[in-house]
Structures are given as C-alpha cells and as structure tokens.
Amino acid sequence: MQELRTGLVELLPRLRRFARVLTRDAHDADDLVQTAIERALAHAGQLRADAPLAGWMFGIVRHAWIDEQRARGRRGRLFAVAESGEEVADPSHGAPLETLAVQDAVARLPEEQRLAVALVLVEGLSYKEAAHIMEVPIGTLTSRLARAREALQAMLGERGGA
Amino acid sequence: MTFSDETLNAYVDGELDAATRAMLEAAMATDPRLAERIARQRALRERVRDAFAPSLTEPVPERLLASVRGAPAATRAGNVIPFEVRPRPRWSWPQWGAIAASLIVGMLLGPLLRPSAPQAPLETSGGRVLASGTLARALSQQLASAQPRSAPVAIGVSFRARSGGYCRTFVLHETHSLAGLACREGPAWVVMALAQSEARGSGGGYTQAGSTLPPAVSRTLDELIAGEPLDAAGEAAARAHGWNP
Numbered sequence: 003m004q005e006l007r008t009g010l011v012e013l014l015p016r017l018r019r020f021a022r023v024l025t026r027d028a029h030d031a032d033d034l035v036q037t038a039i040e041r042a043l044a045h046a047g048q049l050r051a052d053a054p055l056a057g058w059m060f061g062i063v064r065h066a067w068i069d070e071q072r073a074r075g076r077r078g079r080l081f082a083v084a085e086s087g088e089e090v091a092d093p094s095h096g097a098p099l100e101t102l103a104v105q106d107a108v109a110r111l112p113e114e115q116r117l118a119v120a121l122v123l124v125e126g127l128s129y130k131e132a133a134h135i136m137e138v139p140i141g142t143l144t145s146r147l148a149r150a151r152e153a154l155q156a157m158l159g160e161r162g163g164a
Numbered sequence: 199m200t201f202s203d204e205t206l207n208a209y210v211d212g213e214l215d216a217a218t219r220a221m222l223e224a225a226m227a228t229d230p231r232l233a234e235r236i237a238r239q240r241a242l243r244e245r246v247r248d249a250f251a252p253s254l255t256e257p258v259p260e261r262l263l264a265s266v267r268g269a270p271a272a273t274r275a276g277n278v279i280p281f282e283v284r285p286r287p288r289w290s291w292p293q294w295g296a297i298a299a300s301l302i303v304g305m306l307l308g309p310l311l312r313p314s315a316p317q318a319p320l321e322t323s324g325g326r327v328l329a330s331g332t333l334a335r336a337l338s339q340q341l342a343s344a345q346p347r348s349a350p351v352a353i354g355v356s357f358r359a360r361s362g363g364y365c366r367t368f369v370l371h372e373t374h375s376l377a378g379l380a381c382r383e384g385p386a387w388v389v390m391a392l393a394q395s396e397a398r399g400s401g402g403g404y405t406q407a408g409s410t411l412p413p414a415v416s417r418t419l420d421e422l423i424a425g426e427p428l429d430a431a432g433e434a435a436a437r438a439h440g441w442n443p
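Protein chains in written order, with the working numbering: chain A, 3 to 164; chain B, 199 to 443.
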C-alpha cells in the first residue's frame with residue numbers, strides 16, 4: 003500500500019495533466035483526480051504487480067470521468083458551453099498564445115478523439131497501452147488519432163507567429 | 199510508393215515496424231513532399247505535447263497529496279475552523295456538508311446552533327449546516343449594495359457557483375465574529391465554509407468583505423465561483439427571483 007501511495011504521488015502531475023485534457027477545466031480536473039485516487043486506494047488489490055501504475059490510473063480517471071458526466075446528465079447539467087467550444091481548458095494565466103491556441107484546439111475535439119490525443123500525443127503512451135485504457139481495438143484508436151490530427155491541423159495550420 | 203496518413207502517424211508515434219520504417223525513411227530521402235508531410239505531423243505532435251507540458255511543473259494541491267495519504271489533511275491552521283479536514287470533490291456537496299456538520303456540532307459552534315437558542319444563526323438538518331434566524335433572513339433579503347452598517351449580518355459577495363446555484367459570503371457580527379459562505383439549495387442556505395473573522399470596524403466598508411475573508415472562506419469561494427461576482431444589479435435580480443437559478 004505504501005508503495006502504491008509513493009507511486010501515486012509521483013504520478014500526480016501527469017494525472018492532473020491527463021485530467022485537464024479530458025475535462026477541459028482545471029478545477030474539474032483536480033476533482034476528478036481526487037476521485038480517482040480514492041477509488042484506486044479502495045481497489046488497490048486489483049492492481050496487478052506487473053501492470054504499469056500509470057496505465058491503471060489513467061483507466062480509473064477515464065471511468066471516473068464517464069461516471070461524473072453521467073451524474074451531471076442526470077442532474078440536467080449538459081455541457082452546453084464546453085461542447086460548443088467556447089470554454090478554453092484553463093484560463094492559464096499569461097500562457098503564450100501558442101499554448102492557448104493548441105489547448106483550445108484540443109478542447110474542441112470530440113471526447114473520444116481528445117482521449118486518444120491525451121494518451122498518445124500528450125502522455126506519450128504506446129498505441130497498445132492507449133487502446134487498452136480506452137477499451138477499444140488498436141485500429142479504432144489509430145483512426146481516432148488520424149481524425150484528431152486532421153482536425154487539429156485544420157484548426158491550427160502551420161506554426162505561425164504569436 | 200505511397201504511404202497513408204496513418205502510416206506516417208505511426209512513424210511519428212514510434213509505432214512502425216522496422217521493415218516499414220526502413221522503406222519510409224528511404225522514400226523520404228528522395229521525396230520532399232513525403233518528408234514535408236512527416237515534418238508537419240512531427241511538429242503537431244510536439245506542439246500538442248508542449249501546450250500541456252507546463253501543467254507538469256505546477257505545484258500539486260495539498261488536498262490531492264492528502265487524498266493519496268488517505269489521511270485527513272492537516273489544514274487546521276490558525277483560527278480557522280477545520281471545515282476542510284477532508285475536502286470532497288466539489289460536486290458532492292451533501293457529503294461535504296455532513297463532514298462539516300460533524301465537526302461543528304458540539305464544538306465552539308454549539309451555542310450558535312438551534313434548538314438551544316431560538317435566534318441561533320445556524321441549524322443542522324440532514325447532516326448539513328443551514329443558515330437560520332437572522333443569518334437566513336439576511337442571506338435571503340439583504341443586499342450588499344444597501345445594507346445598514348449596524349446590521350447583525352454583513353453580506354459580502356454574491357455569485358453563481360459552477361453548479362449553477364447562487365452563493366453568498368457573510369460576516370456574522372454581534373457577539374460572534376464569524377465569516378462564512380452559504381449556497382442556496384431549494385429554500386435553504388447551506389453553509390459551505392465558516393471561519394473566525396477579523397474583528398469588525400477595522401477596515402470599514404462591508405462591501406469589501408470579499409477581500410477580507412478568512413483564507414478558508416475565500417478558498418471555498420475560489421473553488422465554487424463561476425465567473426465574476428454579481429454586481430449590484432445582478433444581486434438585486436437574483437433576490438427578485440428568490441435566489442433560484
């Protein structure tokens with residue numbers, strides 16, 4: 003258990019980053035990470051000794067996010083604002099325009115594409131690991147990635163000024 | 199030889215098998231357009247990674263470290279009543295309130311709670327702490343933009359929470375000097391945070407209550423608020439609608 007806690011502390015910055023790409027909101031992201039940590043500690047026995055902690059935790063974060071969205075849907079809080087792409091991930095204070103533009107473009111991707119981007123492009127996981135976390139075949143992952151890249155290229159163009 | 203976008207992506211993502219990679223690299227050497235397509239994909243991957251890299255170096259909030267430890271966070275600092283001993287994710291207000299209630303009851307807030315005193319400003323209900331008496335009246339009726347200096351309760355800022363409902367900060371004067379934050383839920387005002395505040399009269403204007411709130415209360419405000427606090431017109435409009443979102 004102590005080993006798990008140590009691993010989680012080391013992983014926290016990446017979990018927060020992953021959750022931000024997923025939720026597009028810094029506060030929601032931290033709430034999500036907290037929920038995921040509590041679930042992980044409650045189900046520590048399910049972590050196989052040979053499984054990477056990061057992959058296990060990304061999966062828990064993803065499931066917690068799905069649950070949270072369902073709960074919000076039940077409460078009638080649909081993501082009208084966020085889905086329309088008006089809301090940037092985080093009002094990153096003084097972040098360079100380039101950073102904001104890319105974060106905003108990622109935030110506008112459909113959820114399944116955003117998840118693929120978060121796992122492969124941001125977290126640098128292999129296709130196999132990412133597909134496992136997303137619970138889809140590798141072919142599904144790569145086609146989502148391809149569509150996401152096309153959309154991002156269209157939104158961002160070449161790296162320009164700014 | 200032509201290569202699909204997915205093959206190029208796989209190359210950029212380090213997922214291509216050795217044989218295909220060798221073919222692709224050989225083709226790149228003689229095909230500038232292919233080399234350019236790959237450069238574009240590589241640049242995109244770097245841009246996305248770089249855009250989210252800064253969050254890795256941000257300090258991790260104490261509440262997350264505390265939840266990893268699985269132990270109550272040591273937030274009992276100074277004169278702050280430890281409402282946040284074990285903060286829950288913001289979307290589970292009811293549990294949060296229950297924890298708060300268990301901390302308050304029987305502690306120094308005991309005398310403030312009904313039924314021991316009919317005019318008590320707080321009461322517990324369903325494991326939560328609700329405003330009652332003068333506090334409930336002030337939260338429902340009093341406008342920060344027009345409140346008498348002698349009022350027993352000073353209203354600070356009013357705002358919409360990220361959950362959609364209205365919340366207001368307040369300072370209880372009279373015998374107790376407590377500052378807090380309450381959110382409207384149905385007909386009730388649920389107290390989300392409470393802490394001892396500075397003695398009244400030092401800074402003057404009540405409308406500045408937001409800037410002089412104890413840290414525990416202003417932290418809760420920061421966590422809950424969506425956008426900016428209401429201005430005088432927004433506050434009056436919200437009151438006119440009975441604080442229903």
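Hints listed in this document are in silico derivations from the structure and should not be mistaken for laboratory results.
Just to be clear, a hint being listed does not mean it is correct.
[Claimed, not checked] Per label pair, the in silico range of CB-to-CB distance:
1. P98/A - E260/B: 46 to 56 Å
2. G432/B - T142/A: 42 to 52 Å
3. E114/A - D215/B: 39 to 49 Å
4. R219/B - P54/A: 20 to 30 Å
[What the hints assert, rightly or not] Below, simulated EDC-like cross-link-like pairs (lysine to aspartate or glutamate); rule was C-alpha separation at most 20 Å, straight line:
5. K130/A - D27/A
6. K130/A - E204/B
7. K130/A - D203/B
8. K130/A - D211/B
9. K130/A - E114/A
10. K130/A - D215/B
11. K130/A - D229/B
[Stated by the list, open to error] Among the chain A residues that face chain B by a calculated CB cut under 7 Å, a handful are:
12. V11
13. L13
14. R19
15. H45
16. Q48
17. L49
18. W58
C-beta atoms are modelled at their ideal positions from N, C-alpha and C, and glycine is treated no differently.
Have a go at the R19/A hint: is there a Cβ in chain B nearer than 7 Å to its own Cβ?
-> Hint on R19/A: holds, closest Cβ of chain B at ~5 Å, below 7 Å.
Have a go at the Q48/A hint: is there a Cβ in chain B nearer than 7 Å to its own Cβ?
-> 17 Å, violated
Return the status of the interface hint for L49/A: holds when the least beta-carbon distance to chain B is below 7 Å, violated otherwise.
-> Because about 14 Å separates L49/A from the closest Cβ in chain B, which is outside the 7 Å limit, the hint is violated.
Take the C-alpha atoms of K130/A and E114/A, compute the straight-line distance between them, and say whether it is at most 20 Å.
-> With Cα atoms ~16 Å apart, K130/A and E114/A stay inside 20 Å; holds.
20 Å limit on alpha-carbon distance, applied to hinted pair K130/A and D229/B | Cα-Cα ~30 Å, so violated.
Between G432/B and T142/A, is the Cβ distance one that fits in 42 to 52 Å?
-> Holds - the Cβ-Cβ distance for G432/B and T142/A, about 47 Å, lies within 42 to 52 Å.
Given pair status - E204/B, K130/A, alpha carbons within 20 Å | 15 Å, holds
Compare the distance between the alpha carbons of K130/A and D203/B with 20 Å, and conclude whether the hinted pair is satisfied.
-> 19 Å, holds
How about W58/A: closest beta carbon in chain B under 7 Å, or not?
-> 15 Å, violated
Is the gap between the beta carbons of P98/A and E260/B within 46 to 56 Å?
-> 28 Å, violated
Holds or violated: K130/A to D27/A, with C-alpha atoms at most 20 Å apart | 27 Å, violated
With 39 to 49 Å as the target window, see if E114/A and D215/B comply at their CB atoms.
-> 26 Å, violated
Hint compliance for this structure: hints 1, 3, 5, 11, 13, 15, 16, 17, 18 are not met, and every other hint is.
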